[in-house]
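S.K.: In case you want the letters, here they are:
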Amino acid sequence: MYQRSLLLLLCLMLAACSNTPAPLAPLPAPAPLDDWERIVADARGQTVNWYMWGGSESINSYVDQFYGTALQERYGITLNRVPVSDAVLAVDQLLSEKEAGIDPGSIDLIWINGENFASLKQADMLYGGWNQKLPNSVLVDYTNPALIYDFGVPIETFESPWSSAQFQFIYDSARTDPADLPRSYAALLEYACANQGRFTYIAPGPGAFQGTRFVKGALFELSGGAEQWRNFDQAQWEQWSPQLWAYLNELKPCLWRTGSAYPATEYELHGLFANREVDYSITQSVTGAGALIAEGAVPETARAFVFNDYMIGDYNYVAIPRNAPNRAAALVLANLLLEPEFQAAQILPENGFGLGYGIDVRKVTDEQDRATLEAAMDRLGAPATPPAELLAALVPDAAPEYQSLIEEGWRENVLIGN
Amino acid sequence: MLAPALVIVGGLFGASLWYSVLKSLGYLPFIGQFQITLEAYRNLLPGSGTPASREFLPALGFTLWVSGAATLLAAAGALGVVVVGLGRTRAPHAPRGIVPLLNLTLAFPHLVWAVAIALLLAQSGVLARVLFQLGLIATPADFPVLIRDPYGIGIIISYTTKLIPFLLLMLLATLHAQTDDYAAAAATLGASRWQTLRYVTLPLVLPALTAGMLLGFAFVFGAYEVPALLGVQFPRMLAVLALDFFRNADLRSRAEGMAISVLTGAIVLLVAAVAYALTARRTAGHG
Amino acid sequence: MQRGAVGCIWLYALASVLLPLGLFGLHALGPRWFFPALLPDSLSLEPLLALIGNPRTQAALGLSAQVALLVTGLAVLIGYPAARALTFAPLVGRGVILAVLFLPTVIPPIAIGIGLNSLMLQLGLAGTLIGVCIVHLIPVLPYVILTLSSMLSRYDRHYEEQAQVLGAGAWQVWWLVTLPMSLPALAVAALFAFLISWSEYLFTALIGGGRVITLPVLLFALVAGGNPTTLAGVALLIVAVPMLAILLASRLLGGGPQVVGVR
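Chains as they are written, first to last, in my numbering: chain W, 3 to 420; chain Y, 4 to 290; chain U, 75 to 337.
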């Protein structure tokens, strides 16, 4: 008797908090990609589960405020932004879903880049054929080699761009005279050893691509160019990697904590910089230090700068898993990301996102849209690196095979060392 | 009546342990790998030349060091408080009001506690700011490295300070339940206060202390959040290493991550069994 | 001398509660507080209010409360009969049962967490609230059962027999004798269950698959995003609820030292 009522209660509680999807009715055939109006109609009432890195509160609220509102008001779509501490968690989830044969799954759209894209493409977990069918894809330059390769992997029809980013440094104009800033890796070594413990970089590794990018830039400078690294060449790697480790090991004793520890994330480095433990931080933002100032993560006197060369820039993208439960809504959102009004909003520091354009402004034909986009660039002001300097130093990323060689090699030869 | 509890605890626990072991043996259906192999375990051994072999032994040593140091320091601290603070009273009761206060420290999850420790003890943390204002340090670099240090000091501080109230409460609970009569008897028989402490209080609290230390050691040994937050990139603690490997983009390293997590569990179990055998023998010897 | 020593304990206990609260409070109310400033330039409630007003924070708070309360309810419902059986029923294999119940308190979550993730996916429970609730029961139930059975061993069943002799029916005995007499034990066990579930990170992160964002999961994600103002605000939220629960419980129960698990 007692046991039975217990069981009943248990069932009630289970039923109350279970939110597993109802048994699957046969799904209606998805709208063809050419019929955008039907896609929009299908998407109405759906909830789009957007998995993205959730470590930055300002990016989180930008996404909710701008896309969340527009999706609801214009398309009747609910945005469920799922913040993950590392994009690799979403990859993990998809792989586990594949293993368990779960379809429809739980992820509709992922903010993704580089290595995770390669993993998912390799595991055949991405939905394809859609990116150039989005109405706004006419604004994207699909002939730009920097755009159609993500960390060297061809994006084909699996990814649509959202924004762009470029490696930069941050300094505090209240502490450092711009004339003293190092403008190359060679100068950086001198600076670091003349100012013991005042520089560090983010530990290269999965989830900390900024650190890997710092090391790649050093490799480019040592070998005298970025171009030859766009295709994988084992012999070339073996020729130059010893010099790369030698450079980093020469730098190591001059670093913060004499190189025994490195910040694990960009924000940890911002914290060290803001609290005057080190002189420079690292960012990918087109606003330079602007977005971070607005967020209160760095002092108001923070400014961005670049070396004269080898500052890696790239695009970042969204992708749709093969087993996305709300594909139509994901397509609508991917298209919304490319709207000129939101592209203009995303670069402004006060909005909290602060990454560059995913679209090509020259392809925008609407006069007013174009004026808005150009005005936004003009508003970035002092905390940002001047666009001309960014462009002069811009290089594309290396082939994806180098990624894990650099990360593992760095652990073995620099972090652990001998 | 035990069935639901056993199904949930035993069933889920056993099934997931089975899954972990299976995967550590290389059963990875989604990359088409179905046969069983010990490769993941071999890859952990020194000399196999894999990334895992470079990381595993240092991680094991580091984990033993951190969990051992934190447990011993916490036990010494808690015992010290009992001996110094309460040892001179005839019936060592906790002073009124202290227990609710100690209980309040349990409201801080370990992760939150570690955040507080980091805010306080980082080289540019609040303590460093106080010392700067007092003129004792000139830059953050003058402050000792306590957070994200290669010796795990930050992790040890975090766990020690969190374990002390836990052990203290365990000891106080034991004393509260048992001491009155024994202490009174000892006093009647003319024992000095220190004799009471030595022959009554300590033997009474030792079993509780050992059990508490074992729980503490096992907990720190397998902990993830705090070392992930306060640790360095090398050496990593076992749980951090396991999860990092498991989440590596290279799918093959998942088996190694599983193997590390299985070994972590096995070591804890071994320690628990040894501790249990030792206590059992001591109890038997006394009987 | 002795007064001094007791004073030390007091100081330690007081400091370990007030210091973290103070740290979090200053950081949460004082944005842009950087080394070497001793105190923030200005204190303002605005960042904390913005955090509390943020729908994501509210969702996490609500989810944390839902999970912890459900887990508490389930743990007591399942744990109480189990504890009674362990204490009073003549059992074969009591040692084995105790060992099974004891294992999850020592085996690290990481050792089973990853396998548990696969298991829950197979069961279709990964990423669901109920999946997370069930998984929380693994660390919670042993503590609840061990607590209940240790408190029940001091429980005198003669009262129940007496009531029966005096003509009470089974339900009357349960309602008028058993329940009131077990209430303190149940309250303590419920508090433990709530605290453990409320603080749980790893199981929630692994089984929730990024979809069940409780406060600890939110905090861990923010750690990588290191903005100390938000971080401290969330930390305050996480601590406030169990503090109230503990204060309330010690009001209700009074007296003796109770030990919550190491978690």
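If you're looking for bench data, these hints aren't it; they were derived computationally from the structure.
A few of these clues could be false.
[To be verified] Far from chain Y, some chain U residues (derived; all Cβ distances over 10 Å):
1. R106
2. N128
3. Q140
4. D230
5. G241
[Stated by the list, open to error] Have a look at the derived ranges for each label pair, beta carbon to beta carbon:
6. I39(Y) <-> L224(W): 25 to 33 Å
7. L113(U) <-> N233(W): 53 to 61 Å
8. D179(W) <-> L117(U): 43 to 51 Å
9. L117(U) <-> E352(W): 47 to 55 Å
10. L93(U) <-> Y30(Y): 29 to 37 Å
11. Y30(Y) <-> R228(U): 22 to 30 Å
Using N, Cα and C, we set each Cβ at its ideal position, and we do this for glycine too.
S.K.: For each hint, tell me whether it holds in the structure or not.
M.R.: We went through each hint and held it up to the structure:
A cut-off of 10 Å between C-beta atoms confirms that R106(U) is not in contact with chain Y; the least separation is 14 Å. Look at N128(U): its CB is around 19 Å from the nearest CB on chain Y, clear of 10 Å, so calling it non-interface holds up. With a cut of 10 Å on Cβ distances, Q140(U) stays outside the contact zone with chain Y, its closest approach being about 17 Å. No Cβ of chain Y comes within 10 Å of the Cβ of D230(U); the nearest lies about 17 Å off, and the non-interface call holds.
At roughly 26 Å, the least C-beta separation between G241(U) and chain Y is larger than 10 Å, which holds for a residue marked as non-interface. A hinted range of 25 to 33 Å for the beta carbons of I39(Y) and L224(W) is inconsistent with their spacing of about 45 Å. Separation of L113(U) from N233(W) is about 56 Å and conforms to the stated range, judged on CB atoms against 53 to 61 Å. At roughly 33 Å, the beta-carbon separation of D179(W) and L117(U) lies outside the given 43 to 51 Å, and the hint is violated.
Checking the proposed 47 to 55 Å range against L117(U) and E352(W) shows it is violated: the Cβ atoms sit about 23 Å from each other. Between L93(U) and Y30(Y) the CB atoms are about 49 Å apart, so this pair departs from the stated range of 29 to 37 Å. Against the hinted window of 22 to 30 Å, the Cβ-Cβ separation of Y30(Y) and R228(U) comes to about 48 Å, which falls outside the hint.
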